[in-house]
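Colleague: Okay, here's what each chain looks like letter by letter:
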Amino acid sequence: MARIELDRVTVRRETADGDLLALDETDLTLTEGRIALIGPNGAGKSTLARLVNGLVTATSGTVRVDGLDVAREGREVRRRVAFSFTDPKAQLVMPTAGEDVALSLRRSHRDPGERREAARKVLARFGLEGLEDRSVHALSGGQAQLLALAGVLATDPDVLVADEPTTLLDLGNARRVGDLLLGLDQQLLLVTHDLELATRCERALLVVGGRVAADGSAAEVVEHYRSIA
Amino acid sequence: MSRTLLGAYRPGTTLLHRLPSGAKLTALLLAGLVLTLLTGWRSALAGVAVALLLAVLSRMPLRSLARSLRGLALLAIVLGGWLTWQAGWPRAVATVGDLVALVLLATVVTTTTPVDAILDTITSVARPLRPLGVDPERVGLAFSLVLRTIPATLGLAEETRDAARARGLERDPRARLTPFVLRVVADAQATGEALHARGVGDDRDHRET
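Taken in order, these protein sequences are the chains called G and Y. Residue 171 in full-length UniProt numbering is what sits at position 171 of the first sequence, and the numbering runs on without skipping anything. Residue 152 in full-length UniProt numbering is what sits at position 152 of the second sequence, and the numbering runs on without skipping anything.
It is worth saying that the hints were derived from the structure and are not from the lab. A hint or two may mislead.
What the hints assert, rightly or not - Once the Cα atoms are required to be at most 20 Å apart in a straight line, the calculated EDC-like pairs of lysine to aspartate or glutamate come out as:
1) G:LYS121 / G:ASP133
2) G:LYS89 / Y:GLU193
3) G:LYS89 / G:GLU164
4) G:LYS121 / G:GLU164
5) G:LYS121 / G:ASP170
6) G:LYS89 / Y:ASP187
7) G:LYS121 / G:ASP111
8) G:LYS89 / G:GLU129
9) G:LYS89 / G:ASP133
10) G:LYS89 / Y:GLU159
11) G:LYS89 / G:ASP185
12) G:LYS89 / Y:GLU158
What the hints assert, rightly or not - Only some residues are given here: those of chain G computed to face chain Y with a beta carbon under 10 Å:
13) LEU30
14) LEU103
15) VAL161
16) GLY209
Idealized CB from N, CA, C, for every residue including glycine.
Isolated chain Y, as found in the complex (with noise of 0.2 Å):
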């Protein structure tokens, strides 16, 4: 897999940039919510189409698109190889279309949205949830802490497999699986420090009024 799953942001001036992150976060809501709801493989395949138009439309480059569907390929061979034998291939195509086209459609989103922008849609989102004693401003950074998470951790997976590697342990579940899940609690960890040093989180009075 690798780190840009999701793709970082890319400033530019498309007709994706320019719309409001809130327009955006909810086509891709409810584009999850069709294609959940739509079983068959021709809206998966129509699916993957749109979001490939799409993601031609934001100008993403080419090599950004490419390495999120390299990080999704084993996934989609082994997921796709074992619905195909197990359902046969209809059912095989609809659930790997659909997983493609959601990876593609969010990839889109965090590439052309900055962070920033969809923890302030977050956090306006959440407001009205503030008499149930819910955190707005909370709420919106654990939603960006998710984006920053997914590829730091596959960053922490590549860097374990490389030390099992070296010392000719790559064969050896534990060697990769052990460390690796202790680092992403050290980092979990490290990150929450950070959080709290720099006083995130902890301000009431920083919260929308």
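Bound-form chain G, shown alone (with noise of 0.2 Å):
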């Protein structure tokens, strides 16, 4: 598993209201394969996942993937660090399934038909089998969100940091993303609001107010969050 590290990393953020602390000197070594974070609307969680890919940068600290500092070496932290947003539609940036995994695989598959046989391959393995001509806008909720996963993972990377896969998805296609994101190889940093789903994972952070309250074995976090909520 990669070593996430993030030293002393603040985030501050200008609003109409003034500055705004996202983030306060947050210490943080993560090494385990299923991190959950959870925690209140706006309480930091996201700022957190998207500092380790970069998407956000911090105003003060380090953030460090495997020894590689992500505000000097984004690129090379991109390759291994993959993100998923909540709303896959905003991922999806091709106008069919097969090409918008194909647009993730022209760095390994010069070749376009190639290619296109590695997407019609990642599309099967995420269940999408058959859909690789089918416009983005025509797919499902759980299907649109299982290729926005497919395309990010497509090029194998270390990590997958997803923000609230789940949360725009109705039960079924919730617990289908839950399953598949548990079951994969990568390490699993999980922005989540279902605690079912975040007990599942072998350790979790509660994010309150920008920093982190409490941090243990998921269980137990859950639990916590779950008294003082």
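Two chains, two frames, a set of hints: combine them into the complex.
Modeller: As structure tokens, this is what we get:
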């Protein structure tokens, strides 16, 4: 598993109401295979998750993935760390399912025929066989989320950061996506409000007001969160 | 307007499907030049006829063809009416005919060509410009994103209109325009963020050599 380190990381954001402290002097080392980030809305979970992929830059402090500084070596980090958004439609940038996965494979597969074939295999791996020519607008919510995951995991990264991947899904699709995520070979950093899903992780962090309020085994942290919510 | 204004790729085995994407894009460019240079109404109608013939040859479903034309209908009627009033019917037929012909031809290209193939072609064409500092992969990506953005933007326009209608504000331009502009900007930011997160466009070594 990759070693994700946050060293005295602070993130401040300018808003219309003034300076917002999104994350406050946070020190963390994450090495477990399944890590859940839980907490109320606006607590700083997504900010923390986005730091790992370089989508958010620390105002101060350092974020490292396997020793690579995210701020300085972002390109290398993004090759290792994939990111999945809450709304899959925001993440699908090509018109059809096959082309969206193929976009991720351009780096590794130069030949268009090979690339299409590889994209087909990736889609099949995520239960989306036969949908390669389907418009991304015509996919159901569950299919779109699976495609979004297929698109970012096609390059076989070491880590997947998933920001509330089941929030917009119905119960059946949420369970399907949750099972898929927990069964991945990749290290998973999961931002979620689904406490049942969080409990199935090895470790959980409770983020409140830009600080890690609790850190430990998922069962204990979820129980603590339930007691204070 | 419809989200399928330019049509999503539909696999097939017609001659148009088998033609290289470079040939189709070049033909589309030439058609645009010819229709722009020939200003008469006859050439415009001939262009529409050729475009319709190609649409039939591509075996594009009639429903997709109708959607493309329906998407243009309002614009064609308004533009045609205004030009008829201002410059006479020949000018109106010429302008609207050119527009319809080019949208139909573009629809034929996008319906018979995977975006991935278009991306490859544009990347190859832009490759000689690399010494001038142009990144061919980014040029191809930008072109592909335009194809993605058009239906996405039309979809946002439909959603914004429905939202205004649901609040009884369908006649208030601010209720439609302001959220539409904000959502288009937000969508553009989200797309940029998604590309950034996937590392698309920031890999120097994934450029063609």
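Colleague: Hint by hint, say whether it matches the structure.
Modeller: Here's how the hints hold up against the structure:
1. Our distance criterion of 20 Å between C-alpha atoms is met by LYS121 of chain G and ASP133 of chain G, whose separation comes to about 14 Å.
2. Between LYS89 of chain G and GLU193 of chain Y the CA atoms are separated by roughly 13 Å; this keeps the pair inside 20 Å, and the hint holds.
3. With a C-alpha separation of about 14 Å, the suggested pair LYS89 of chain G and GLU164 of chain G falls inside the 20 Å cut-off, and the hint holds.
4. Between the alpha carbons of LYS121 of chain G and GLU164 of chain G the distance comes to roughly 26 Å, so the proposed pair goes past 20 Å and is violated.
5. Of the pairs offered as hints, the one joining LYS121 of chain G and ASP170 of chain G is violated, with about 26 Å between alpha carbons and a cut-off of 20 Å exceeded.
6. Pair hint LYS89 of chain G plus ASP187 of chain Y holds up; C-alpha atoms about 10 Å apart against a cutoff of 20 Å.
7. Of the supplied pair hints, the one linking LYS121 of chain G and ASP111 of chain G holds, its CA atoms being roughly 15 Å apart against a limit of 20 Å.
8. Note on LYS89 of chain G and GLU129 of chain G: the hinted pairing holds, with a Cα-Cα distance of about 19 Å set against a maximum of 20 Å.
9. A threshold of 20 Å between alpha carbons decides the hint, and for LYS89 of chain G with ASP133 of chain G the separation of about 16 Å falls inside it, so the pair holds.
10. For a cut-off of 20 Å, the pair hint linking LYS89 of chain G to GLU159 of chain Y stands: about 14 Å separates their Cα positions.
11. Straight-line distance between C-alpha atoms of LYS89 of chain G and ASP185 of chain G comes to about 24 Å, which puts the hinted pair past the 20 Å bound.
12. With a C-alpha separation of about 16 Å, the suggested pair LYS89 of chain G and GLU158 of chain Y falls inside the 20 Å cut-off, and the hint holds.
13. Given hint, LEU30 of chain G at the interface with chain Y, is violated; its Cβ is 18 Å from that chain's nearest Cβ, farther than 10 Å.
14. Restraint check, LEU103 of chain G versus chain Y: the minimum CB separation of about 6 Å is within 10 Å; hint holds.
15. A cut of 10 Å between beta carbons decides the hint on VAL161 of chain G: the least distance to chain Y is about 9 Å, and the hint holds.
16. Checking GLY209 of chain G against chain Y by beta carbon gives a least distance of about 25 Å; that is not within 10 Å, so the hint is violated.
When held up to the earlier numbered hints, the structure conflicts with 4, 5, 11, 13, 16 and fits the remainder.
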